[in-house]
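> As a plain string of letters, each chain reads:
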Amino acid sequence: MGLTFKEIVEKVKTQFPDSIVSTQEEVIQPWFETKPEILNKVCRFLKDDIELDFDFCESISGVDDTKNLWVVYHLTSLRKKHLIILKTKTERENSQLPTVMDIWKTADWQEREIYDLYGIKFDGHHDLRRILLPEDWQGHPLRKDYKFPEDYDGIPLR
Amino acid sequence: MSLNEILLNIIFYALALTGLFSSFMVATSTNMVRTAFSLLGVLFSFAGLYGLLRADFLFAAQILVYVGGILVLIIFAIMLTHKIANVNLSNESTSSSTVIAVVCILFAVLVFIALTLPEYIKINQRNKPLTEMIGNNLLSDSLLPFEILSVLLLACLIGAVYLARKEVKE
Amino acid sequence: MKEFIEHLYNELEFLEGLPFIIPFIIGSFILAFIIINFIAVFAGVCTYIERKVAARIQARVGPYMVGPHGILQWLADALKLLFKEDTVPEKADKLLFKLAPFIVFAGSFACWVALPLAPAFSPARLNIGILYIIAFGSSVILGILMAGWASSSKWALFGAMRSAAQIVSYEVPTGLTILAMLLITGTLDMHNTIAQINLDGTISGGQSQGLPFPLNYFSTNADNFSAGMFSWYIFRYPPFTFIAFIIIYICALAETNRVPFDIPEAESELVSGYHTEYSGMRFSFFFLSEYANMFVFSAIITTLFLGGWLPPFNITGSLLAPACGIILYMLVKGKTTDPANRFIAFCTGAGIGIFLGVLSGDKNYWFADYLGIQSLRFIEGLFWFFTKSFGLVILMMWLRWTIPRYRVDQLMELCWKKLTPLAFINLFCIGILEWLYK
Amino acid sequence: MPGIKTQEILVNMGPQHPSTHGVLRLVIKTDGELVTEVTPIVGYLHRCAEKIGENVTYDQWIPYTDRMDYIAAMGNNLGISLAVEKLLGMEAPPRAQVIRVLVCELNRVASHLIAFGTFGLDVGAFTPFLYAWREREMILNLFEMLCGARMTFNYIRIGGISFDIDQKFIDKTKEFIEWFEPRIKEYNDLLTYNRIFVERTAKIGIISPERAISYGLTGPNLRASGVNFDVRKDFPYCGYEKYQFNIPLGRDVPEIGAVTGDCWNRYYVRIEEMIESIKIIKQTLENIPAGEYYDAPKKIKPKAGEVYTRIENARGIVGFYIISDGSEKPVRAKVRAPSFINLSILPEIGKNVLVADLIAILGSIDIVLGEIDR
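Protein chains in written order, with our numbering: chain W, 1 to 158; chain E, 159 to 328; chain G, 329 to 766; chain A, 767 to 1140.
The hints are simulated quantities; they were obtained by calculation from the structure and are not laboratory data.
Glycine included, every Cβ here is placed at the ideal spot set by N, Cα and C.
Misleading hints may appear alongside valid ones.
Said to hold, decoys possible - No farther apart than 25 Å at their CA atoms in a straight line, the calculated lysine-lysine pairs in the PhoX-like style are these:
#, chain 1, residue 1, chain 2, residue 2
1, A, 795, A, 969
2, W, 89, W, 13
3, A, 852, W, 81
4, G, 746, A, 969
5, W, 105, A, 852
6, W, 67, A, 817
7, A, 1117, A, 852
8, W, 67, W, 81
9, A, 852, W, 87
10, A, 817, W, 87
Unchecked claim - On the chain G side, residues computed to face chain E include the following (Cβ under 7 Å):
#, residue
11, 349
12, 351
13, 352
14, 355
15, 356
16, 452
17, 456
18, 459
19, 467
20, 469
21, 470
22, 473
23, 477
24, 496
So that you can see chain W by itself, here it is in the shape it has in the complex (with noise of 0.2 Å):
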């Protein structure tokens, strides 16, 4: 019915040669890693390939192993019923990816979480303001360098 991971990577390989940083296939769920800069053509092929399909963006996470700020992005086909896990990385300081917004609308409020907790900046996003948290909090919570404050607008936390 729907495609193996390796017939996705394989597709977008042939149209994007160099996008693909590195592929992991011997874990649970297999998925690639994709260059930044391209992230948006990628993701618009994986929308707009008639085999590929992806139409559904399921979820977009941000993740913090420390030394990296990753970003998730968990795809779908609804039609043809498979998915794919697609990852791209970017610096802790100055962290910035391009949005996906135009091609996902739900990338909306998903990357204004990720802004919110994790501090990426998501370039061409058109709102990009703090979801979850007040907006003049001070930090990302989910970093893992994340100093919890001793106080909100005075207000003692401890």
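Once you've looked at the hints, dock chains E, G and A against the given chain W.
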């Protein structure tokens, strides 16, 4: 003067004073909405005066038409066309000399009428309702002015609908 | 009312020498006091009944703690409201904010004065009765607008605007329907509307003669008081009078802001509409006036359509109705456990009883005259008037807990595109019929 | 008309408002009754569930997942359990699998009852809410019998379930089903085909299938737009492939004027899903295999790796993305919260509707704020 008459006089002056005071408020209040609500007092006290004259139909019609209809429309218009979210809605144009002049002239006319009228029109102590008389009059002697007024009102209505439609199209 | 005081004035010796005006004023004040308190108690009881009705419909128990079966709950509520802090929003227009509840209440209170509660008794018998009630009923809008604007809260303002637009709109079909009924009754005097119904179903004051066949067959009793159900105005020109009844009932729902037309206080949209910012006693005035208004409208409908204080059927019918009902209930009781079915059985039985009673052509008077006590008529009239009006109020409650709410544009559409043309056609048809039967 | 200007008002609907289903704030710009723009502001209930997840062991995090979608908490328990089981490379015993399906479907019914009731409430019908509450109470009683808790169960654990079920529970569940099945017709009579209700909900807030997919809607909201996607069917877990059930989809109903993807369909899909859930519950009750109900290693310490699992909960796909570094605590515990993503469509479809419609749309999306804010 019998006690009955004294009482009627008390009610008359009370109503008249309320009417005057409310009219004064209408003229001087800087708050538009308060002005409109002061108008309520004016209309009610006049309705009361009609009631005192035993013009019961006029009394009810005054409240029904002016209070229930026109005043509500006025307040609506004020609320819809101004910054309704802003409470401090005010009427900046205070009385100018022309206004005072016009008011003085109108008052003079009123005084003139009051003085030149031969005598007080006697209120006969009818028990018969006024409704029938008004109805007969409207459909016999005053039929032409009544109908002309109706046509005028209809024209107003159509005009209002036309104006409102135009906005929707845009 | 005036007659009553006159009567007392002539009877009581110690009043001699005093000019009539003094006892008249004192009497009026006493009456006003009684009515105000009556409205308060009435509205209180209404809230209790409303809660019980709601609870019954919603498979709950309802108030149960204060008094037996929670019957004093309304008193506790009133006390609570009395002792609540009377808050005034900081940015409100203080004067208008404080004034608004009283204007609303005064409007609905004034309406009560002209209601014909019993034979030869309405607090003030006005020959423009129904016009007066409509006029003062419409002045309630101003209080609502005042409340909404003075609260300086957007929700309250929304509610007030909606409410005013709604009431003004629905006054059109209401007025047209009342006009149609006035063609039949031929009088604005609410009291006379009922009093002029003759024993054989004709109307003495107005123009109508007798009932069209076959309704006249059932209504040939010997007295106004036992003229029977079919002398009521609702049975005058079926089906047009039925349609009129339905239109005016829908309008009554809309004018009292009841479900499905409760958009001014739609709690899921506007929190609580024009009285969002009110608390304590001021809030309860809005509450009182809502229930007072419900009753006023039901009373108008009762008077215009349901024969006011007249009993619905004669003595045979009124005895046969419960008897047949109980018989049928007993018959069904063994066969079904569903209380709804039992209730239906009882109602069917009662209906059969009424039908038999009407068919019997019984010339007997109803309860009061049957016992030979004329003055009981007053109480009997009160009983029937309140029973009918209250029935309509309870129907409003029933509707409230059954159906959802209209949207504001749908509500306007219903009014202007459906009810108003229908009311016009109805007015026309009733006019023609009245002209034919004249 | 050029002369007259009506002013747009900015209104704060919430955080305390009767129809926001929790502490949600909607900043709406209105032109008279028309909503020209709506901006949801969330986060008032933010409890750092994901941050907490990184600081507690896998087992300890399960109760926190209860508090996300507290209306349908069983699904959340199941999601995290399945994720960690996958990381551990194990599977729960068959008996536990069946009971998991049973409780999840019961919970789905309870959750849809709330959706049904509160939606009625939003369009002004108060009574259906209490009927829904009555039936939900029975389900909660069942759950109380099962694990002692009524809302936050902590029932499904890594490696199985925390308590076995007994014959009494099965009997009571059957009793409930017998009571519940005729009720659906009652709901339909009372609300679904009520003319006013239909007028309020049909053709309101239409979401086209493309838009629904693009916004990542899941669950009944997606299916009401006519997209046939249900994780239970398409990517079965817990043995859902063994059960016979249909996926109710939104459709055009010309008799009453409803079109695919409108509020009425979002509502009605839930009603139909309750029927389907009851079917599944009946099938699970028929054959509950004997044997172990809990079988987990003494110490839950998965190897380094990552896993993303999803389950179909009442409001849509609940995904758990867990990264382990081989210790007792996860490095990253991310939840894909369906309500959060479903709500993100509101600014799009809440434009140029009446205030009353906005409430109906919000009600039809059926959000749980505990899950949005986590």
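> Now look at each hint and say whether the structure bears it out.
Hint check:
| no. | hint | result |
| --- | --- | --- |
| 1 | A:795 <-> A:969 | 22 Å, holds |
| 2 | W:89 <-> W:13 | 19 Å, holds |
| 3 | A:852 <-> W:81 | 20 Å, holds |
| 4 | G:746 <-> A:969 | 21 Å, holds |
| 5 | W:105 <-> A:852 | 30 Å, violated |
| 6 | W:67 <-> A:817 | 18 Å, holds |
| 7 | A:1117 <-> A:852 | 43 Å, violated |
| 8 | W:67 <-> W:81 | 34 Å, violated |
| 9 | A:852 <-> W:87 | 20 Å, holds |
| 10 | A:817 <-> W:87 | 21 Å, holds |
| 11 | 349 | 5 Å, holds |
| 12 | 351 | 11 Å, violated |
| 13 | 352 | 9 Å, violated |
| 14 | 355 | 14 Å, violated |
| 15 | 356 | 12 Å, violated |
| 16 | 452 | 11 Å, violated |
| 17 | 456 | 5 Å, holds |
| 18 | 459 | 4 Å, holds |
| 19 | 467 | 5 Å, holds |
| 20 | 469 | 5 Å, holds |
| 21 | 470 | 6 Å, holds |
| 22 | 473 | 5 Å, holds |
| 23 | 477 | 6 Å, holds |
| 24 | 496 | 6 Å, holds |
The structure does not agree with the numbered hints 5, 7, 8, 12, 13, 14, 15, 16 stated previously, though it agrees with the rest.
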